[in-house]
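S.K.: Sequences and hints are given; from them, build the entire structure.
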Amino acid sequence: MSVDNRVAYLDGEAALPRKNGELVFAAPWEGRAFGLAVLLSEKGAYDWDDFRKRLVEEIGKGDEAYYESWLAVFESLLLAREVVTREEVSKRAGEYAALERDPVF
Amino acid sequence: MSHDHDHDHDHHPEAPSPVEARALALESLLVEKGLLTSEEVDRIVSMYEHDIGPMLGARVVARAWVDESYKQRLLEDGPAAVKELGIGYPPATQLVVVENKGDVHNVIVCTLCSCYPWPVLGLPPTWYKSAPYRSRMVREPRTVLEEFNLNLPDEVAVNVWDSSSDVRYMVLPERPAGTEGWSEEQLAGIVTRDCMIGVARPRIPAESAAR
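For the protein sequence lines, the chains are A and B, in the order given.
Here the first sequence stands for residues 1 to 105, where the numbers follow the numbering used here.
Here the second sequence stands for residues 1001 to 1211, where the numbers follow the numbering used here.
Hints listed in this document are in silico derivations from the structure and should not be mistaken for laboratory results.
Remember, predicted model here, so these are calculated numbers, not experimental data.
Hints are not guaranteed to be accurate.
Residues on chain B that point at chain A, a partial pick, calculated with CB under 10 Å [as the list claims (entries may be wrong)]: (1) E1014; (2) P1016; (3) S1017; (4) L1024; (5) L1029; (6) L1030; (7) R1043; (8) V1045; (9) M1055; (10) G1122; (11) V1138.
Here a beta-carbon is modelled for each residue, glycine too, at the ideal position from N, C-alpha and C.
M.R.: Listed below in structure tokens is the structure:
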């Protein structure tokens, strides 16, 4: 099955937030987080099932909003696969938070 | 997807929240590393925002294919059955699921406007709302179906269901041969929006047949 059907099939607590059947992103960053994770999986950076399993676990912890869990899982996978390092992500996030970079989505 | 980011932070940008800053950081790093482009992310987001709706209906169909008692409940009481799968259905609207069989093919239309079972199928495709589809599907369904590349033998009866604001229809397609032993997830993957409108039948893609 193609990745997109498997994304759509996210089930139970991991089901994507929707309204009228359509995906709902409460803020632009949520859409970006969604698109990044799906895209890199399509490009073969990791297996979608791996993402899904981690997402279910993360959501199970129950203390974050849906796309916060999503982003945390995405970041942890990139760290595990050594696509990015913790240091560069923290540094870059700090630059955005301090408005040293233009926060444009 | 367009982002209107040019109206209130040109001069006094607001600092992004920690989670936003991390999302920005990851995207910019991945772009710099040449792993993706922002345009590709745009494309994915917009594709999913618009095309993913029908997958809820596909899950309903797949469940009905593997679970005969679920299928019976679905045919008897559509809203209650889709609710079992966690799909909300507006209480004021009836959902009638019509089953395709060897000698009966069903197709849905809304002759008056564009009534559509959106909680299970998402937003209707543009052609569903077009005047020619709405008028011709009732008058000459076989011809219209042929235009969708669906050629039905003469012995197959075609039932056209005209939706209204009170009653919406969804087609339960026939499970294709060659899918024995498939998981629900695999089955859902071959159920397209068009199958549930009734202008197509589920097909097994070469990729899945090889799995």
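S.K.: So, for every hint listed, does it hold in this structure?
M.R.: So, going through the hints one by one against the coordinates:
Hint on B:E1014 holds. Least Cβ distance to chain A is approximately 8 Å, under the 10 Å limit. Of the supplied interface hints, the one on B:P1016 holds, with its beta-carbon coming within about 5 Å of a beta-carbon of chain A, less than 10 Å. Look at B:S1017: its Cβ gets to within about 8 Å of chain A, closer than 10 Å, so that hint holds up. For B:L1024, the interface hint holds, since its Cβ comes within 10 Å of a Cβ in chain A; the closest pair sits about 5 Å apart.
For the restraint placing B:L1029 at the interface with chain A, the shortest Cβ-Cβ distance is roughly 5 Å, inside the 10 Å limit, so the hint holds. Restraint check, B:L1030 versus chain A: the minimum CB separation of about 7 Å is within 10 Å; hint holds. Evaluation of the B:R1043 hint against chain A yields a held restraint, the C-beta minimum of about 8 Å falling below 10 Å. Because the beta carbon of B:V1045 sits about 4 Å from the nearest beta carbon in chain A, less than 10 Å, this interface hint is met.
Evaluation of the B:M1055 hint against chain A yields a held restraint, the C-beta minimum of about 3 Å falling below 10 Å. At its closest, the beta carbon of B:G1122 sits 4 Å from a beta carbon of chain A; the interface hint therefore holds under the 10 Å criterion. At a threshold of 10 Å, the smallest CB-CB gap from B:V1138 to chain A is about 26 Å, leaving the interface hint violated.
In this structure, only the earlier hint numbered 11 is contradicted, and the remaining ones agree with it.
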